[in-house]
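Asker: Residue-level listing of the chains:
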Amino acid sequence: MEPLSNKRKVLDFKPLNLLERSYLPEIAKGLTITMKHFFKKDVTIRYPEQKREFSENFRGQHSLKRDEDGKERCTACGLCALSCPAEAITMTAAERQPGEENLYREEKYAAVYEINMLRCIFCGLCEEACPKEAIYLDGDIVPTDFLRKDFIYGKDKLVEPPLNK
Amino acid sequence: MELLDIGIKFILIVVIFLISLVVAMYSTYAERKLAAFFQDRVGPNRAGPGGMFQPLADGMKMFMKEEIIPTQASGLLFIVGPSLAIMTACIGSAVIPWGQAITIGSRVIPLQVTDINVGILYIFGVVSLGVYGIMIGGWASNNKYSLLGAIRAASQNISYEISMGLSIIALLMVTGTLSLKEITEQQHGWHWNILRQPLGFIIFIVCAFAETNRSPFDLPECETELVGGYHTEYSSMKLGFYLFAEYINMFISSAVMATLYWGGYNYPGMDWMAAHVGPIIAPLIGVAVMFAKVFAFIFFFMWVRWTIPRFRYDQLMNLGWKTLIPLAILNIVLTGLFITFL
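Sequence order for the protein chains is A and B.
Numbering of the first sequence is given in our numbering, commencing with residue 119 and proceeding in unit increments.
Numbering of the second sequence is given in our numbering, commencing with residue 64 and proceeding in unit increments.
Chain A extracted, bound-state conformation (with noise of 0.2 angstroms):
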């Protein structure tokens, strides 16, 4: 019959010859491969001393940022928790009192403003659907802890430090 293709190769099963059976021959070439990683530069990067730069669209712990003058942007519309979809989001809103107009940009804000980062998947819906661009996912890693109430963020871990001036 007609091969298909010309890729058909044949194969001969020849004994393997003394040399080939003894396995030496074939031990010391597999003794020197591994010879040739040992001198080779691992590519490890160790971590906790070293980091891996993360990506330009790392999407990390999330942060409230501040405005220009040193406002908090945030005016507690609560389209952040609407959008998330793992539901983990959290806010109350307040009427901002007459003096702290250096503190807030808007009238309204947000009195208490808490993340859950057991739920949260850092999947940046929250920072799509701020209109003020009030919030933003541009931190680190969120570190680790112990007690289930210790991951449930509040303001004092999400606002940003306020400006020096």
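Hint data in this document are derived by calculation from the structure and do not stem from the laboratory.
C-beta: ideal position from N, C-alpha, C; glycine also.
Here are a few chain A residues that sit away from chain B, every Cβ distance over 12 angstroms (derived from the structure):
1) E120
2) S123
3) V128
4) R184
5) D187
6) K189
7) R191
8) L200
9) A204
10) T210
11) M235
12) P249
13) D256
14) K267
15) F269
Far from chain B, by Cβ distances over 12 angstroms, these chain A residues were calculated:
16) L182
17) K183
18) G188
19) I239
Chain A regions said to be covered by chain B (calculated; three or more residues, Cβ under 8 angstroms):
20) 142-152
21) 160-166
Fit chain B to the given chain A structure using the hints.
Answerer: For chain B alone, coordinates are given in the frame of chain A:
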């Protein structure tokens, strides 16, 4: 004076005992580190500088683990097993000459615990006793996996002891003595036995791999395949003893190979050294050379472990009975012809 001699011997025994324990301890570290290097990894590096204290941490862990003796196990034998394993591993070092005698004033201190005239037979006796530790441990566990593992280990050790003994017979025909000290002294200069018995050495080292249950013949353990072999039921330091015994065995068999085939503490330029640096320093250099050879063999053991995949059990038996034993007998015949006609 008699008391002083006994004291020196006692110190020597303690020192050699400690050295074999420390070497075995750091062999575990070296094994993990070398395995890492062979696989382009880093290896343990957290405990101390470069992970130097890792064996201490491991030992600590072993001691802190819960001591479990299964209810169905035979209590006494269950404890005797690992004790016997580590004891037989340790006493093998008694006849190995670590260096030339040191001369301080008129006193000659031999760096060998005892120079009995049946040194090689003694080592073989001790090595065959090692099987009992494994067999008793596997039997006393009252567990079918342990028993199967022990049977595998015992049959492997017994099979390879035969060809090991036969390869040694050819060596004895060349040396004409069973004393390890005399064998070492005969190799002074470049008369190393590896040059006279290359085939015998290859047979011996293959058997040594099998006797110490090292890869590629580590079927008694097969940590990647079996539940654990003969020490399945063991925990805590009793397990530690079994693992430790294996590393001490490796150290001792490396020392035996260095002594029998690679000239022991002999090194080129030895007489010149002895004449120039005095009767204390020169033997100590010999000891260092001996240990360098031993460590080279331990390195080789580990190198092979991370290179060659494990043999199948029938391949192991085929190699032992159908290849190595005929080869060893051929080696005896060739050696005999060589001695008779040359």
